[in-house]
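2 protein chains.
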Amino acid sequence: MFIIGELINGMYANIGAAIKEHNKKEVQRCALEQIACGADALDVNCGPASKQPLTDMPWLVKTIQEVTDKPLCLDSSNNKVIEEGLKVSKNKTIINSTTADQEKLDLLIPLAKQYNSKLIGIAINTKGIPQNKDQRLELAATIITACQQHGFAIEDLYLDPIVLPVNVAQAQIKDILESIHEFQIISEPSPKTIIGLSNISQGTHVRSLINRTFLTMAVAYGLNSAILDPKDKELMDALITSELILNKNIYCNSFLDAYRRK
Amino acid sequence: MFIIGELINGMYANIGAAIKEHNKKEVQRCALEQIACGADALDVNCGPASKQPLTDMPWLVKTIQEVTDKPLCLDSSNNKVIEEGLKVSKNKTIINSTTADQEKLDLLIPLAKQYNSKLIGIAINTKGIPQNKDQRLELAATIITACQQHGFAIEDLYLDPIVLPVNVAQAQIKDILESIHEFQIISEPSPKTIIGLSNISQGTHVRSLINRTFLTMAVAYGLNSAILDPKDKELMDALITSELILNKNIYCNSFLDAYRRK
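Order-wise, the sequence lines are chains A and B.
The opening residue of the first sequence carries number 1 in our numbering; numbering runs sequentially from there.
The opening residue of the second sequence carries number 1 in our numbering; numbering runs sequentially from there.
For the record, the hints were derived by calculation from the structure and aren't laboratory data.
Idealized CB from N, CA, C, for every residue including glycine.
Treat each hint with caution, since some may be false.
[Stated by the list, open to error] Here are the simulated lysine-lysine pairs, DSS-like style, with alpha carbons at most 30 angstroms apart:
(1) A:K174 x B:K174
(2) A:K233 x B:K231
(3) A:K51 x A:K25
[Claimed, not checked] Here chain A is said to cover these stretches of chain B; the calculated rule only asks that three of the stretch's residues, wherever they fall, bring their Cβ under 8 angstroms from a Cβ of chain A:
(4) 146-158
(5) 163-177
(6) 199-207
(7) 242-248
[What the hints assert, rightly or not] Label-pair distances were calculated between CB atoms; the ranges are:
(8) A:P48 x B:S254: 24 to 34 angstroms
(9) A:G222 x B:D106: 40 to 50 angstroms
(10) B:A258 x A:I250: 46 to 56 angstroms
(11) A:I250 x B:R207: 15 to 25 angstroms
Chain A with its partners taken away, still in its complex shape:
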């Protein structure tokens, strides 16, 4: 499982303030803490309150790169903000994200190619949120076709079925799990699959329990990557144990510690 830490996001008070005050230490602390908890990459999002995302994004990227070489996942709905981040990124990045809209695909796929970046494609378009797994598959196929047309390597594509809160779209959650499976067999070679985990529990009262239960099920359906809070120890325990059960890490009595020391 490729784990992307979600905590460097201006919507969180500490990061929002750190961006405003150009407080490098707080951002770097947050980066190192997530890596210590098991993050393989770090999501970077200026947040909705950022007034100058075109300069905040490269500042965040440079600040984080002073303390780690882990890949960064540049998270913005504005492709110009993403490009400013790409310009200063030293390592292979992940663009988060394109929708299945042709205009967006024609902008972001060439950008990903130009900067040798991976790309997250979300099964959504301007018509709205898909209502079932057939619609998700159709949107995924649109993204894959665009990648093929642009000559973008499908192995570098992460498809996101778009996770909805269980308290809002309970009847759709099984379809979302099945989409994770279907996305893997939509083309050869396979794209990877990814979810923004925390969406599942938005507005609920037992967020961590719902997050880790859904993640365990998603792993059973073959999920490759998730954007999540690696500081949630019970979530990480569930993830490590899920992968153990699927024989992805070798069993030893101290398998939880062994994974964390890897």
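Given chain A, put chain B in place with the hints provided.
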């Protein structure tokens, strides 16, 4: 999910002693406690140390029936012990279990029919433990064929893929999960599926975590029933949340409490 409590088993010190001393109160306390925690039925096993299982089993059944009408799951490898339990059972029982051996099937299926009992069939025979999902499916097919030949309703059959400890048979666990799915499509109408959950974590150091992670995955694969420890609150939380995610219980903010009050 049909939850069968596993705690009335002579291998546990309290129940072993209670059987020896004919201490009704301890057995009844254990029965009521499991039901309060969410058990829909109770497994009843005299345990390996029982010297007179032919009288211990009916004593246990009668003792439990004094305090509850919940179905009992009569658990013995000796069909005579099961029959002594059946003779005194007031409600529909579950026979736990037959193997896929013809001799055993020809004894236990007619017994289940005679007493209007459900039947657990385990995908194992005298040749040994199956080594992959194809062998599991073949053993399941043997059990189904025998049920059809004896005119036993497939809806009353629970197929068990036989769960092995993750520290012993790690490479087989994914096959076991996939068998849970395959068993449901082996015939129309479908048999039900069941697991003895605690086997997955035998000999490991974090039993509850492994149990609840595996159960969550098994629910994702369509599991209908499990024999487990309903007093493990984190396990029950994971189970309730798994079913919520699959839209089997309606979401409300207090869904955990709501399930437990049902």
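Next item on the list: Any hints from earlier that this structure breaks? Give me their numbers in increasing order, please.
Entry: 4, 10
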